[in-house]
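Student: Residue numbers (numbering that gives the first Met the number 0), protein chains in the order written: chain A, 0 to 164; chain B, 0 to 786; chain C, 0 to 266.
Check each hint, because a few of them may be wrong.
Said to hold, decoys possible - Here chain A is said to cover these stretches of chain C; the calculated rule only asks that three of the stretch's residues, wherever they fall, bring their Cβ under 8 Å from a Cβ of chain A:
1) 7-21
2) 31-44
3) 90-100
Source of the hints: derived by calculation from the structure; they are not laboratory data. For glycine and all other residues, C-beta sits at the position ideal for the given N, C-alpha and C.
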Amino acid sequence: MATVSMTVNGKAVTATVDPRTLLVQLLRENLRLTGTHVGCDTSQCGACVVHVDGKAVKSCTALAVSLDGASVTTIEGLATNGALHPMQEAFREHHGLQCGYCTPGMIMAAVDMVNRRGNDLDEKTIREDLDGNICRCTGYHNIVKAIAAGAEAMGGKVQVRQAAE
Amino acid sequence: MSATGIGASVRRKEDHRYITGQGRYTDDINRPGQAHAWFLRSPHAHATLKSIDAKAAAAMPGVLGIFTGDDLAADKVGGLICGWMIHNKDGTPMRAGAHPALAQRKVRYVGDHVAVIVAETLAQARDASEAIVVDYGVLPAVVDTASAAGAKTVVHAEAPDNTVFNWHLGNKAETEAAFKAAKHVTKLDIVNNRLVPNPMEPRAAVGDYDQGEGAFTLYTTSQNPHVARLVLSAFIGIAPENKLRVIAPDVGGGFGSKIFIYAEETVCVWAAKKVGRPVKWTSDRTEAFLSDAHGRDHVTHAELATDADGKITALRVKTTANLGAYLSTFSSSVPTYLYAPLLSGSYDIPAIYAEVDAVYTNTAPVDAYRGAGRPEATFVVERLVEVAARQLGKDPAKFRMQNYVKKFPHQTPVIMMYDAGNYGASMKKALEIIDYKGIGKRKRDSARNGKLRGIGFSSYIEACGIAPSAAVGSLGAGVGLWESAEVRVNPVGTVEVLTGSHSHGQGHETTFAQLVSGKLGIPIENVSIVHGDTDKVQMGMGTYGSRSGAVGMSAIFKALDKVIAKGKKVAAYVLEADEADIDFADGHFKVKGTDKTLDFGSCALQAYIAHKFNGQDLEPGLKEGAFYDPTNFTFPAGVHICEVEIDPDTGVTAIERWAAVDDFGVVINPMIVEGQVHGGIAQGVGQALLEGAKYNADGQLVTASFMDYCMPRADDLPSFDVGMTVTPCPSNPLGIKGCGEAGAIAAPPAVINAITDALGHEDIAMPATPQAVWRAAQKTVKRMAAE
Amino acid sequence: MYAFAYHRPATARQAAGLLAKKEDAKLLAGGHTLLPTMKQRLASPAHLVDLGACADLKGIERKGRNLVIGAMSTHAEVAASPVVQEAIPGLAYLASHIGDPHVRHRGTIGGSVANNDPAADYPSACLALGATIVTNKRKIEADAFFTGLYETALEEGEIITKIAFPVASKAAYAKFRNPASRYALVGVFVAKRGSDVRVAVIGAGEGGVFRWSEGEAALKARFAPKSLDGVKASAKGINADMHADAEYRAHLIGVMAKEAVARAVGK
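Looking at chain A on its own, in the form it has when it is part of the complex (with noise of 0.2 Å):
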C-alpha cells in the first residue's frame, strides 16, 4: 500500500491505496466522486477526463501515486459556490448531452481546449481538438455549439443564454 496526498476540488485528502490504484479509481472509489466516467479500457474515450494541474488527462491512463501532491479537479468542482461553470450551461443550453455519460469528460475537455485555444473557437478547430472525446448520443452536432457559447461565455463578454440567441 501507498500513502497519496492530493487537492482534489480545492480540499486537501490523503488515501492509503494499493500502488495499481489508478487516478479514477481514488476518485470513484475512495472519494465516492462518481460523475468521472470509465467507457474503455484503451484511453480512447474520455469519459474519465479531469485536470491535474489544471490540465485535462485521462484518470484512466494515471496512477493515483503518481499524482502525489497534484491538484485535481473533476466535473464535481468545476460550479463555484453553486453558480454553474459557463461550459456547463452551454452545455445544457445547447442540448449538448443526452444520455449524459461521456458529459463530464466533454465539459472537462471543453474547458481545457479553451485554455489552451482561447475563447473564440471556430467549428472545425473544436471537432479536431474533441478527438479523444467520444459521444455515442449527440452526433456531436450540439456538443459543437455548446463548446463554442461555453468558451465565449468563458470570456466575460456574455452569457450563454445570449450567446446562443
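Position chains B and C against the provided structure of chain A, taking the given hints into account.
Tutor: Leaving out everything else, chains B and C in the frame of chain A:
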C-alpha cells in the same frame, strides 16, 4: 403554445445532475458488503467443455464463490430466452438451441460465459479466474453469414444445418409475374455490416438479496426494467415477481443493446443469494465488444422491377441474417417482422416477396440495434431505387417522387397500412435545403480541385410506436407491447407521473413533463417523472422502437384525461355545480357561463381532504392510471440527402452537407427531437463509413476495442441541416410518430448513394473506409483519364 | 492490473539504481502505452519505476546547432515550446498531432522513443532529423537506435535522458491516421539539411520506422512536392492489417511524403 408546453424547446430538467457529475448510473451504486464478480469467458469460438477445475482458484485470497453452468442447472435457473416465435415457410416453428446463462458442455463464441468468480475485490476475482483450469475440446468455428447454412460445423444440434428458420413474407406468385412482365430489372448484392452498439456506459449489474424478506433487488443498465423482471421471474425463475425488484437508474445510452436480458445480470442477482452478499459486475469495454448483442449482419440479394414508364412494379429480396451463437431476447423478430414489412419503403409497390433465412454462427448474439431491421430494409430499398434511377437515366429525386405513396391510408403487400404522410413535401424541402440546383456547379468545382463530389438520397420510412399487442401477438410476439402510466397528483397540486417507459438519454423527464404541464396547466417544475424502478412504477414495457412518445406518452395522456375527469367531479362539488357544466382549461376548473373557478392545486387539495363531498359518493384522492395499447404502428418518414467529397488520392470521404427533413407527426420538444436526429445520423454515418465488427476465420473478434472498431468522432461528421414536415399521426391521441431511430435508418443509404454518385459506379460496400474508397476511386480516375 | 511495487525516484541516477537493483522492473514515463497494457494484464512488471519526479529529465533548450529535449517532456510541452517552434517547427507540429489533447498532457518523448511503437510518431522525426538519443550510459545515433518492432538498442538498465535533434533547414511531418485508433497508419517526416535529405516513414514498415530511399533520392534532386510525382513506394516489406493492406499503405507513403514536403517548403 406555452413556454413549457407541447412544441416548446424546453431545456432539459435532467441536465443539471448530468452536467454537475451527479448523475446516478448503475456502477455508481455500491451496496453494503458488496462483492465483485468476474466472468471467465471462452477464448475459443467453439469448443466442448471437457472439464472445469476451479479447486485452486476457490482457495485463492478473497474468493467467495465460483460457479458454473452446472450450479445454475442444479438451482433450476432457466436459460435465457428469445421472446418472439418465428415460423418457417412450412409452418413449423423455428429451431432454437438452449441458451444457458453459464455455458453447459459447450461454448459457442469468444466471450461465452464459462464461470463466474465472486470475490471481495474485482482484482481478486480476476486473479482467481486465471487459476481456473478449463479443458476445452476446440471445434472448428462457423463464422461467415453467407455460408453458415449447411456448413460442416453445427452450432446447435437442434438446428443441424445452422438454420434457425427460413421465413417469408409477401406474395410470391404476383411478384414473379411482375418480374416477368418488367421492362427493366435492377439487381444488387448487399452486405449490411455487423455493428457493435457501444453505448458509452457499459452494462453493469448489482444483485442484492434480502434474507429477511426473501427478496431480490437487481440494479441494472436496462431500457426496460419491467421486461427484465418478467423474464428473470417467469422464464429464468430467479424469484416470483413480487420478490424481485429491478431498478434501472440513469442509463448511459442503450440503442437497443440494453433491452435484452443477458447472462451477467442474471448471474449477479442469482449469485447474491448464493454468496449471501450483494454482487456487482461492471462490463469493461472489451467485454462489451465480446458479449453485448451486436446489430445488423445481413447478406442480401435484391431485385427491383420497373415498367416502361419507370413505375416500380415489384421487389424481391433474399436475405440471410446472422443471429450469432444464441437467440437473444428479441433477435428473431429483427430480420423478420421489423425488416420485411418495411420493404415497400415510401413507395407504391404492388408486389413484394421477401425470403429470410436466419443462421447460427460462432459469433456474439445479434439483436436489435437502433432501427433494428428497418435500417436493413431501408438500405435495400434506397440503394435499389437509386441505382434503378441511374440505370433508367432518371433524376433520383424525381424517380422517387414518381413512385411515392400519395394516397392514405395505403395498404402495402407486406402487412403495413401507412396511415398518414406527405413524402413529396419532405423531398421538396430537403432539395431546397441542400441546394440541389447547385450540385452541378459544386461537382465541377470539386473536379477542378481533383476531388470527386457526389450526392445521395434516402427517402426512408419506418414503423414505430411498437406496437399493437394483438397484432404482434398474431405474428409471434410473446408479450403485449402496450405502455402503462400512473398520474399521482399530490394534495398541493404537484404531480408525479409513473411511466413504464425508461429514458436512456431521450430526455423523458422533460418531454413527459411538458405534456403534463401543458395539459394540466401547472408549472413544469411541479411535475416529476418517475421511471426505472419496478417497485415504484406499476407496469411497463420500456423504451425501444421509438415507442416512448407514441405509446408511453399516450398512456400518460389517457391517465391525464382520467385525472381531469375526476377533477371535474371534485370541482362540481366544490363549486356547487353540475359536473356536466365544468370545463377545464389553463389549469382551472370553471363553471360554464360563470366566473366560478377552482385552480388545479386547490382541486387536488379538495380531492384529498374530502370535506366537500361524501366519500361514499365520490372516492377521495386524485390518482389515475392507464394502459395504452396502440391501434396501429406509426410511420415516421422523411428524406435525407448527403453530399460528399472524395479525395481520390487518399480515399477519404468528407461529408460536406447533410439535409434531413423528417415527418415525426406532432413534436413535443423540437430541441430534443433534433438531437435524436443528429445522434441517429451519426450512427448511420458510422455504419456507412467507419464501423464494422469483424471476426476472423477462427471466430476471434478482431475489432474488440476502440483501437480497431472505429467509433464516429466529432471530426468525422459535419453539422446537420435539420428540417421538419408534419402530418399528425392519426392513430394516437397526441399525433406523435416517434423520432429515435430515424437518423440511423435514413443515413447509411444516403452516404453510400452519395459515394457511388461521386465514383460513377456501384462497387463499394459498407463501411466505405478510406482504403476501400481509394481502391474504388482508382477505377473512376482511370475512366476519367480515358474520357 | 497485477500488483507491483511502486518507486518514485527524484533523479535519473536514482532511477537507474532502482532498475539495476530490482528484478523485473519497468520504467513508467507518461504511461500511455504501459498502463493500458498493464490494465489488460498483458504486462506484469514486479516493480514500476516512475520517472515523473525526475526533474533532470525535463527541459527543452537550444544548444548550438542542436535542439535538446529532456526525455520526460510531454508532447504538449514540445508542441507549445517556443524553442521547438523556432528551431524545428515540423517537430512541434508532429508533437501537436500525437494522440489527443489529454494524451499529449501525459505522454512523453522519451517514453515514445523507448517504446518504438511502429505506429508512434516520434521515431520518424528522430530518424529523419538524425537525432542522437542520449541515455544515462551513452549516446546512440537514431540510425542505430530503432532496431525492430518495439525494439531499440537500449540495454538493460539504460534510461533515455534526452534527445538531441540537429536543426534542419527544412523539416515537416504529415500523417494519415488510422480512423479508429488515431495512431499513424502512415506518417512521413521529411528533413533537409544542406544537400542531405532524409525521409523517414512510420506506421507502414513491417520492421517499424524506416527511411524511404527512393523518396530521398527524388527529393535530393529537387526538394519540392513535384519531385515525388511518379515515385512509388514499394509494397514489399510494408505492413498489412485489417485497417490497410500493403498496397494502400505504400501508396499513402507517397501521398504523405508529398504533403510533408509541401508543408516544409511552405506551400
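Student: If a hint holds in the structure, say so; if it doesn't, say that too.
Tutor: Status of each hint after checking the structure:
1. 7-21: violated (count 1)
2. 31-44: Check passed, 6 qualifying residues.
3. 90-100: With 3 residues closer than 8 Å to chain A, the segment 90-100 of chain C meets the three-residue bar; holds.
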